[in-house]
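Undergrad: Counting along the sequence shown from 1, when you hit position 27 you're at 32 in this note's numbering, and nothing is skipped either side.
One or more of the hints may lead you astray.
Below, a list of computed lysine-lysine pairs in the PhoX-like style, where the Cα atoms sit at most 20 Å apart [what the hints assert, rightly or not]: (1) Lys58 with Lys22; (2) Lys18 with Lys58; (3) Lys58 with Lys68; (4) Lys22 with Lys68.
Label pairs and their calculated CB-CB ranges [said to hold, decoys possible]: (5) Pro14 with Ser38: 15 to 21 Å; (6) Tyr13 with Ile45: 25 to 31 Å; (7) Asn36 with Pro14: 25 to 31 Å; (8) Gln66 with Asn30: 25 to 31 Å; (9) Ser65 with Asn30: 24 to 30 Å.
These aren't lab readings, by the way, just hints derived from the structure by calculation.
By construction, the Cβ of each residue, glycine as well, lies at the ideal position given by its N, Cα and C atoms.
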Amino acid sequence: MLIVQHHYPALAKAERKIARFIMNNPGEASNLSSQELADITQTSEATVFRFCKSIGYTYSQLKSEL
6 MLIVQHHYPA LAKAERKIAR FIMNNPGEAS NLSSQELADI TQTSEATVFR
56 FCKSIGYTYS QLKSEL
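Throw the hints in and build the complete structure from the sequences for me.
TA: Structure representation (structure tokens):
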């Protein structure tokens, strides 16, 4: 996903964990809840939402794009 790659350098460390997982597993990520994504990436659900905000999406928009 190009938008994730574009924003990757500016992301916080925890947000980069989410970005890497999404870039490596877009199909799986599209089927996860925000809490499941947080658990898999060992981050918090709040970090998932901050990540989405950092790239200009809501979580549901991100899932749709994947």
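Undergrad: Compare the distance between the alpha carbons of Lys22 and Lys68 with 20 Å, and conclude whether the hinted pair is satisfied.
TA: 17 Å, holds
Undergrad: Please check whether Pro14 and Ser38 have a Cβ separation lying inside 15 to 21 Å.
TA: 27 Å, violated
Undergrad: Take a quick look at whether Lys18 and Lys58 sit within 20 Å of each other, Cα to Cα.
TA: It holds: about 15 Å lies between the C-alpha atoms, which stays within 20 Å.
Undergrad: Between Gln66 and Asn30, is the Cβ distance one that fits in 25 to 31 Å?
TA: 18 Å, violated
Undergrad: Verify the proposed pairing of Lys58 with Lys68, using a straight-line Cα cut of 20 Å.
TA: 13 Å, holds
Undergrad: Taking 25 to 31 Å as the stated bounds, is the beta-carbon spacing between Tyr13 and Ile45 within them?
TA: With Cβ atoms ~18 Å apart, the hint is violated.
Undergrad: Next pair to validate is Lys58 with Lys22; report whether the Cα-Cα distance is within 20 Å.
TA: Status holds; Cα separation ~15 Å.
Undergrad: Holds or violated: 24 to 30 Å for the Cβ distance of Ser65 and Asn30?
TA: Violated, at about 18 Å.
Undergrad: In this structure, is the beta-carbon distance linking Asn36 and Pro14 contained in 25 to 31 Å?
TA: For Pro14 against Asn36, whose Cβ atoms are near 27 Å apart, the range 25 to 31 Å holds.
Hint compliance for this structure: hints 5, 6, 8, 9 are not met, and every other hint is.
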